[in-house]
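Which chain is which? The protein sequence lines are Y and L, in order. Going by my numbering, the first residue of the first sequence is number 1, and it counts up by one from there. Going by my numbering, the first residue of the second sequence is number 1, and it counts up by one from there.
Since the hints were derived computationally from the structure, they do not count as laboratory data. It should be emphasised that the depicted structure is a prediction, and the values quoted were computed from it without experimental measurement. Warning: the hint list may mix true and false statements.
Claimed, not checked - With a cut-off of at most 20 Å between alpha-carbon atoms, the simulated SDA-like pairs for lysine to any residue come out as follows:
{"#": "1", "chain 1": "Y", "residue 1": "Lys268", "chain 2": "Y", "residue 2": "Leu287"}
{"#": "2", "chain 1": "L", "residue 1": "Lys60", "chain 2": "Y", "residue 2": "Phe269"}
{"#": "3", "chain 1": "L", "residue 1": "Lys5", "chain 2": "Y", "residue 2": "Gln204"}
{"#": "4", "chain 1": "Y", "residue 1": "Lys14", "chain 2": "Y", "residue 2": "Asn165"}
{"#": "5", "chain 1": "Y", "residue 1": "Lys268", "chain 2": "L", "residue 2": "Phe55"}
{"#": "6", "chain 1": "Y", "residue 1": "Lys95", "chain 2": "Y", "residue 2": "Gln204"}
{"#": "7", "chain 1": "L", "residue 1": "Lys60", "chain 2": "Y", "residue 2": "Ser274"}
{"#": "8", "chain 1": "L", "residue 1": "Lys60", "chain 2": "Y", "residue 2": "Lys14"}
{"#": "9", "chain 1": "Y", "residue 1": "Lys268", "chain 2": "L", "residue 2": "Lys60"}
{"#": "10", "chain 1": "Y", "residue 1": "Lys268", "chain 2": "L", "residue 2": "Thr43"}
{"#": "11", "chain 1": "Y", "residue 1": "Lys154", "chain 2": "Y", "residue 2": "Asn76"}
{"#": "12", "chain 1": "Y", "residue 1": "Lys268", "chain 2": "L", "residue 2": "Ile36"}
{"#": "13", "chain 1": "L", "residue 1": "Lys60", "chain 2": "Y", "residue 2": "Glu116"}
{"#": "14", "chain 1": "Y", "residue 1": "Lys195", "chain 2": "Y", "residue 2": "Asn165"}
Stated by the list, open to error - Anything over 10 Å on all C-beta distances counts as not near chain L; from chain Y, calculated:
{"#": "15", "residue": "Lys31"}
{"#": "16", "residue": "Asp128"}
{"#": "17", "residue": "Ile266"}
Glycine included, every Cβ here is placed at the ideal spot set by N, Cα and C.
In case you want the letters, here they are:
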Amino acid sequence: MKDLAHFKEKKHFKHHFVPHKERKTRATLLKHGAFYFYSLLFLMFLGFVNVSKNLAPGVLGYASEITIRQLLDNTNQVREKEGKKSLILSEKLSKAAEQKAKYMFEKNYWAHTSPEGVEPWTFILDQDYDYSYAGENLARNFYYSREVVDAWMKSPTHKENLLSNNYDEVGFAVVNGVLDGYETTLVVQMFGRPKDVSKLLTVQDQEKYLSSINEKIVASEKQELLGSSTYTIDLPTLFRYLSFSILGFILALFFIDIYYSRKHGIDKFTGHTSAHIIIIAMSMISLWVIYRNGHIL
Amino acid sequence: MSLKKHLVEYVFIILYFSFLIYFFQYLGTSPNARFIFAASLPTFYLLWAVAHHLFEERLKLHVFLEYLSISLFVFIILLTASNL
C-alpha cells in the first residue's frame, strides 16, 4: 500500500511538468489557474516593491551602471581609434551638463532647447566657460556607459560631435530623476574649446577633478527626497531576472508539453501550444527591448 | 485547419508583434505608448485566439480561459517592466 501511495504521489508530482495522459490535459503548471497564480505573484512583487519603497527608502529603486569615468574613457577610446586626440574632462562643462540634466527634469522636457527657448549654451556660459566651439549630446534610459557611447557612434550627428577636432574639453553628467512620470537616467555630454587657449585644461587638472567627484551617479531629485543617494537593489535588474526566469521556465514547459504529447500520443483539447510559445517568446523579446530602450538626442 | 494555414497565421502573429516591438523602440519614452504597448500584445493575442478557435469551431470556455490567463500574465509582466 505504501509503495502504491508513493507511486501515485510520484506520478502526481510528474504531472506538474508533463501533460496528463488519462485526463488529456496540460501539466498543472501550465493550466490557466497556474497563470493566474503567476500573475498574482507579480502583483504581489509590485505590492512588495511599493511597500518597501515607503518602509525602507533607499533599498529598492532605479539605478544604472553609468559613470563619468567610464563615459570619458569610452569617448576617448573611440576618438583614439579614429586618430583624434583625447578630450580632457572639464569641471565647468560637467557642471553645465549637470545643470542641464536637472533643468530637463525640473521642466519635464527632453530636448536640446527647452520649450521656453533655453539653449544648451546658456548652461555653459553660466559656468563662466567662454567658448569658441561647443556641442551637446544627450542620452536617456541606458544602463551601461558603453551602450551610451555606442549609440552616439551609430548616429552621424552625434558621431560628428564625438570625433570633432573643434573640441578640446568635455563634461558629463549622469543624473537620475523622474521624467514623464517615470524614473530614468539622463546622460548629458557637453563639448567645448575655450576662447582663451591659455585656459586649456591639462591631464593633471582632469585627474584632480576626477578624484574629487563621486564616481557614483549624481543623486537624483527622488533619491534626495528619499534621503539616500544610492539604492541597494536595482529594481529593473531584479525584475528582469525574475521575469526572464519565469518566462523561460514556462517556455521550457511548453516545449516539454509538445514533446511529451507527441511521444505518448496525447491529443489534448486545449489552446495551441505553438501559439503560446510564440506569445511567451515575443514577451521575452519585448522585455529585452524595454530594458534596452535607450534614446539619444 | 491545415498546418499550412496555421503556419500562415503564426507568421502573421510574429510579424504583428515584431512591428509593435519595433514601433515601441521609437515611442517607448511616452507613458501612454508604454501602456498601449503592454496592452496591445496580449489583447491582440486574445482576439486572435477567439477568432481562430471560433473559425475552427472549437472555442470552449476552458480554451478561452487558457488564452485569457496567458494574456493577463503577459500584460502584467510587460506593464510592470515598462513602469519600473
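Original post:
Hey, Y:Lys268 versus L:Ile36, does the alpha-carbon distance stay inside 20 Å?
Top reply: The given pair, whose Cα atoms are some 34 Å apart, is violated under the 20 Å limit.
Original post:
Straight-line Cα separation of L:Lys5 and Y:Gln204 no greater than 20 Å?
Top reply: violated, 69 Å
Original post:
Is it true that the CA of L:Lys60 sits at most 20 Å from the CA of Y:Lys14?
Top reply: Roughly 27 Å between the alpha carbons, so the hint for L:Lys60 and Y:Lys14 is violated.
Original post:
CA of Y:Lys95 to CA of Y:Gln204, is that 20 Å or under?
Top reply: holds, 18 Å
Subject >> 20 Å Cα cutoff - pair Y:Lys195, Y:Asn165 >> reply: holds, 15 Å
Original post:
Holds or violated: L:Lys60 with Y:Ser274, Cα cutoff 20 Å?
Top reply: holds, 18 Å
**OP:** Mind checking the alpha carbons of Y:Lys268 and L:Phe55 for me, to see if they're no more than 20 Å apart?
**Re:** Given that 20 Å is the threshold and the Cα spacing comes to 19 Å, the pair holds.
**OP:** Take the C-alpha atoms of Y:Lys268 and Y:Leu287, compute the straight-line distance between them, and say whether it is at most 20 Å.
**Re:** violated, 31 Å
Original post:
Hey, L:Lys60 versus Y:Glu116, does the alpha-carbon distance stay inside 20 Å?
Top reply: violated, 58 Å
Original post:
For the pair supplied as a hint, Y:Lys14 and Y:Asn165, is the alpha-carbon distance within the 20 Å limit?
Top reply: violated, 67 Å
**OP:** Below or equal to 20 Å on CA atoms is what counts here, so check Y:Lys268 against L:Lys60.
**Re:** Holds, at about 13 Å.
Original post:
When you check the alpha-carbon spacing of Y:Lys154 and Y:Asn76, does it fall within 20 Å?
Top reply: holds, 16 Å
When held up to the earlier numbered hints, the structure conflicts with 1, 3, 4, 8, 10, 12, 13, 15 and fits the remainder.
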